[in-house]
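Asks: Model the full assembly from the supplied sequences, consistent with the hints where possible.
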Amino acid sequence: MYVIGQLAKLASVNVETVRYYERCGLIEQPQKPVKGYRRYPETTLNRIRFIKRAQELRFSLDEIANLLMLEETSCQEVQSIANHKLASVRAKMADLRRLETSLNDLLKQCASNTEQAHCPIITSLLPENN
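My numbering puts the first residue of the sequence shown at 1372, with every later residue one more than the last.
Worth flagging that the hints you see were computed from the coordinates, not collected in a lab. Any given hint might turn out to be false.
Keeping only pairs whose Cα atoms sit at most 25 Å apart, straight-line, the calculated BS3-like set for lysine-lysine is [as the list claims (entries may be wrong)]:
(1) Lys1423 with Lys1406
(2) Lys1380 with Lys1403
(3) Lys1380 with Lys1423
(4) Lys1479 with Lys1456
(5) Lys1463 with Lys1423
Quick list of the computed label-pair ranges, beta carbon to beta carbon [to be verified]:
(6) Ala1453 with Lys1479: 35 to 41 Å
(7) Leu1381 with Val1405: 22 to 28 Å
(8) Asp1476 with Glu1427: 30 to 36 Å
(9) Ile1493 with Asn1454: 39 to 45 Å
(10) Asn1475 with His1455: 28 to 34 Å
(11) Leu1478 with Arg1424: 32 to 38 Å
(12) Gly1376 with Glu1443: 28 to 34 Å
(13) Ile1492 with Arg1424: 35 to 41 Å
(14) Ala1453 with Ser1495: 35 to 41 Å
(15) Leu1381 with Val1460: 43 to 49 Å
(16) Ile1493 with Glu1443: 52 to 58 Å
(17) Pro1404 with Ile1452: 33 to 39 Å
(18) Asn1385 with Thr1444: 28 to 34 Å
Ideal Cβ positions, reconstructed from N, Cα and C, are used throughout, including at glycine.
Replies: Spelled out as structure tokens, the structure:
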């Protein structure tokens, strides 16, 4: 059992993060004893570590809450959420590849630009006149 400061330190988060997770319903706030401090069980530490790892994988807190609710459900339901997240990641990667190509093209145009007063990157950002 841990007091909030110990819990936060072991989970490598700030005390305010623990409180925020409590407000969001991601972890339970233990009852406060008449004397002393609230004590958090090992399961809360493990849950915070799960949340942090899921955040590292770019799951939102809403997605993490859904995953935590599925803790006792079938693997198929969890797989469905993971498939949705994978599709989202792939779409973002495709967008980033398009951005990379565009930036490379613009940098090449700049490198061969002889007109110092005219920048192809700035021109590409201007709205088109229709």
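Asks: Determine for every hint whether it applies to the structure shown.
Replies: Outcome of the hint check:
Between Lys1423 and Lys1406 the alpha-carbon distance is near 31 Å, which puts this suggested pair outside the 25 Å criterion. At roughly 20 Å between alpha-carbon atoms, Lys1380 and Lys1403 fall within 25 Å of each other, so this suggested pair holds. Only pairs whose Cα atoms come within 25 Å are accepted, and Lys1380 paired with Lys1423 is accepted, the gap being roughly 13 Å. Our distance criterion of 25 Å between C-alpha atoms is broken by Lys1479 and Lys1456, whose separation comes to about 35 Å.
Proposed proximity of Lys1463 and Lys1423 is supported: the alpha carbons are some 21 Å apart, at most 25 Å. The given range of 35 to 41 Å is respected by Ala1453 and Lys1479, whose C-beta atoms sit roughly 39 Å from each other. A hinted range of 22 to 28 Å for the beta carbons of Leu1381 and Val1405 is consistent with their spacing of about 26 Å. Between Asp1476 and Glu1427, the C-beta spacing of about 33 Å keeps the proposed range 30 to 36 Å intact.
Between Ile1493 and Asn1454 the beta carbon distance is about 41 Å. The supplied range of 39 to 45 Å therefore holds. Between Asn1475 and His1455 the beta carbons are some 31 Å apart, a value that agrees with the proposed interval 28 to 34 Å. Distance hint for Leu1478 and Arg1424: a CB-CB separation of about 37 Å, consistent with the stated range 32 to 38 Å. Against the hinted window of 28 to 34 Å, the Cβ-Cβ separation of Gly1376 and Glu1443 comes to about 31 Å, which satisfies the hint.
About 38 Å separates the C-beta atoms of Ile1492 and Arg1424, a value consistent with the hinted range of 35 to 41 Å. Distance hint check for Ala1453 and Ser1495: the Cβ-Cβ separation is about 37 Å, which falls inside the suggested range of 35 to 41 Å. The given range of 43 to 49 Å is broken by Leu1381 and Val1460, whose C-beta atoms sit roughly 30 Å from each other. The hint said 52 to 58 Å for the Cβ distance between Ile1493 and Glu1443, and at roughly 55 Å that hint holds.
Between Pro1404 and Ile1452 the beta carbon distance is about 37 Å. The supplied range of 33 to 39 Å therefore holds. Roughly 31 Å separates the CB atoms of Asn1385 and Thr1444, a value that falls within the hinted 28 to 34 Å.
The structure fails to meet hints 1, 4, 15 from the earlier list, while all remaining hints are met.
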